[in-house]
Amino acid sequence: MTIPTPRFLDAGEAALVVEFGAIVDPLANDYVLTLDEALTSLAVLGVLETVPTYRSLMIHYDPLVLDRETLIAKIRTIEARPRSPRRPKNCWTIPCCYEPPFGEDLSHIAEAAGVTQAQVVALHSVATFRAYMYGFAPGCCYLGGLPTELAISRRPIPRPPYAPNSILVAGGLSLISTFSMPTGWWVIGRTPVRMFSQVRDPIFLVQIGDLVRFKSIDKEEFDSFEQRSTSGELVAEREMLR
Amino acid sequence: MTSVGLRVLSTGPGVTIQDGGRHGFLRFGVTESGPMDPLAHKTANRAVAVPYDSAAIEVSLGGVELTPEGAALTVAVAGGSFHVSLDGHILPAASLVRVGVNHKLTVRAGASGAWCYIAVAGRFNLQPALGSLSMHTRSLIGGSALDVGAQIPVIDSQTIEPATAEIVAPWLHRPGEMIRVILGPQNDYFDSAQITAFLNGPWTVSNRSDRMAYLLEGPKLAHAKGFNIVSDGTAAGSIQIPGEGNPIVLMADRPPTGGYPKIATVISADRGRLAQLRPGQKFHFETTSIQDAISARRDEMNELSKPILLRPLVHSFPSEFLLSRNLVDGVTDGLAEFPESTARSPKHHPR
Numbered sequence: 075m076t077i078p079t080p081r082f083l084d085a086g087e088a089a090l091v092v093e094f095g096a097i098v099d100p101l102a103n104d105y106v107l108t109l110d111e112a113l114t115s116l117a118v119l120g121v122l123e124t125v126p127t128y129r130s131l132m133i134h135y136d137p138l139v140l141d142r143e144t145l146i147a148k149i150r151t152i153e154a155r156p157r158s159p160r161r162p163k164n165c166w167t168i169p170c171c172y173e174p175p176f177g178e179d180l181s182h183i184a185e186a187a188g189v190t191q192a193q194v195v196a197l198h199s200v201a202t203f204r205a206y207m208y209g210f211a212p213g214c215c216y217l218g219g220l221p222t223e224l225a226i227s228r229r230p231i232p233r234p235p236y237a238p239n240s241i242l243v244a245g246g247l248s249l250i251s252t253f254s255m256p257t258g259w260w261v262i263g264r265t266p267v268r269m270f271s272q273v274r275d276p277i278f279l280v281q282i283g284d285l286v287r288f289k290s291i292d293k294e295e296f297d298s299f300e301q302r303s304t305s306g307e308l309v310a311e312r313e314m315l316r
Numbered sequence: 015m016t017s018v019g020l021r022v023l024s025t026g027p028g029v030t031i032q033d034g035g036r037h038g039f040l041r042f043g044v045t046e047s048g049p050m051d052p053l054a055h056k057t058a059n060r061a062v063a064v065p066y067d068s069a070a071i072e073v074s075l076g077g078v079e080l081t082p083e084g085a086a087l088t089v090a091v092a093g094g095s096f097h098v099s100l101d102g103h104i105l106p107a108a109s110l111v112r113v114g115v116n117h118k119l120t121v122r123a124g125a126s127g128a129w130c131y132i133a134v135a136g137r138f139n140l141q142p143a144l145g146s147l148s149m150h151t152r153s154l155i156g157g158s159a160l161d162v163g164a165q166i167p168v169i170d171s172q173t174i175e176p177a178t179a180e181i182v183a184p185w186l187h188r189p190g191e192m193i194r195v196i197l198g199p200q201n202d203y204f205d206s207a208q209i210t211a212f213l214n215g216p217w218t219v220s221n222r223s224d225r226m227a228y229l230l231e232g233p234k235l236a237h238a239k240g241f242n243i244v245s246d247g248t249a250a251g252s253i254q255i256p257g258e259g260n261p262i263v264l265m266a267d268r269p270p271t272g273g274y275p276k277i278a279t280v281i282s283a284d285r286g287r288l289a290q291l292r293p294g295q296k297f298h299f300e301t302t303s304i305q306d307a308i309s310a311r312r313d314e315m316n317e318l319s320k321p322i323l324l325r326p327l328v329h330s331f332p333s334e335f336l337l338s339r340n341l342v343d344g345v346t347d348g349l350a351e352f353p354e355s356t357a358r359s360p361k362h363h364p365r
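For the record, the sequence lines run as chains B and V. Residues in the first sequence are numbered consecutively from 75, following our numbering. Residues in the second sequence are numbered consecutively from 15, following our numbering.
None of these hints come from the bench; they were simulated from the model. There may be inaccurate statements among the hints.
Stated by the list, open to error - Covered by chain V, per the in silico footprint, the following chain B stretches (three or more residues, Cβ under 8 Å):
hint, stretch
1, 84-94
2, 117-128
3, 132-138
4, 195-209
5, 277-291
To be verified - A few chain B residues that don't get close to chain V, going by computed Cβ distances all over 12 Å:
hint, residue
6, Asp104
7, Arg155
8, Arg161
9, Thr167
10, Ala186
11, Met269
12, Phe299
13, Thr304
14, Arg316
Because the structure is a prediction, the values reported are computed rather than measured. A virtual CB, placed ideally from N, CA and C, is assigned to each residue, including glycine.
Please work from the sequences and hints to get the whole structure.
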């Protein structure tokens, strides 16, 4: 594959947005991640930090060290090089309890999707998701690949804060949360997995571009996993793909 | 022996420790944090001869009172025009002061400005979280805001002469009526009438503003292509326009990504200037070029790279106060290098 020519948009004098599309799309995200990895390996002096999102790469740079045109020229040399299609690094299996009291909004999701609650659980726990980006809060991971049957719209008014580590759905996406906050999304379940832990290596479990699957667990399994998780154990399963 | 540190005697809400920010974790959703007014933060650090991005106390409009324990500590205060005093003796808003054990430094909201920094000639002996001491109060990474009774341990403390001085930092006197922006990255979500309305303003800072974002009140802006975009990266100073049309300027504690169109970005040299505006204050935006924004940034760095001028305050203190603090020795040494033009204004004299 060759990376197509992106749009270059300025977010002030110290950040450049390299945009490959306007929608959530695995190919655009592949370009973002390929560019990100290539740029990181070049270790360009003056590039401070990069932030991959669904469809664009945000490059924070020091304009007193690195000229905008020089940065764009570097990106163009990366684009021009053909490479093999990107493959995900890991596939994670994340246990998720959809039962009460965790899947708080399950009945609404079922109703809005026109399926039974059991079908909601089956659809969500059979799908293979892709981790597109982190955002909003530390370790809060946005997943694409939600079955279209579950692509219900957001809430008209945000709901009160959900519990940390809730799994949510809305607008065709799923989300693994870390911190409690109000949301316009729907709570489908909760995971005993800590996506983010400052006392663990790795601090952030999933890498952008990784695959994610959910395994349905009951309340009893959740409690047992939760206990192990609290004591620092990793209760997600990881399969390395490359 | 009492361990050396700064004890918090009283504090308003939102007084935190901030260093140059938490870098390298934006991609995991971790907020950068760092000072609301980077120029004032760097100036305070510079005055106590520690690296620019060292951890300092960021004082909100709520104010703070501190006392050293274990040893006298030299601190620099710089930021907005706050009321700064030592045991009730008024000091200039930008001051270097050696505070003795059992003496009290008070920093409270003054004539103008919203943030003020207290840097210490030494180092806060705290454990960094993800490489930084900055407190992000929403995620609690780096800890929560300072509480009454907290002790901030200090190591490697240094003595600086003169013991009490005004910090001459004219670059901190920045009028806030005009804030420069670079349009984009999503200015194409707005038609030319809306861009004009954005530039005409005027805008006021809402009282719901905080370290994460300054909410603006003024003309409501309408979107030409809807208000939802697929989330992308944000920069400090990104100006988002949500559905209801009131701009949100993302500040030090911004989330690294966001899903509203961003009409423009405040240039980095003007971010502190905007941060120092208080709720209710009016201002305008004006567009500038990337080249001019870089020049403004370079000018700031040039100011900071020069030796900082300290004007000793010996004449302004009653003699018994000086004697009690043993500040009389060596005070003339520093005087020679200070230009006449920056002579102290009489209005700063304490009672």
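Okay, the hints, checked on the actual structure:
| no. | hint | in the structure |
| --- | --- | --- |
| 1 | 84-94 | holds (count 8) |
| 2 | 117-128 | holds (count 7) |
| 3 | 132-138 | holds (count 4) |
| 4 | 195-209 | holds (count 3) |
| 5 | 277-291 | holds (count 3) |
| 6 | Asp104 | holds, 15 Å |
| 7 | Arg155 | holds, 23 Å |
| 8 | Arg161 | holds, 20 Å |
| 9 | Thr167 | holds, 21 Å |
| 10 | Ala186 | holds, 19 Å |
| 11 | Met269 | violated, 9 Å |
| 12 | Phe299 | holds, 23 Å |
| 13 | Thr304 | holds, 17 Å |
| 14 | Arg316 | holds, 20 Å |
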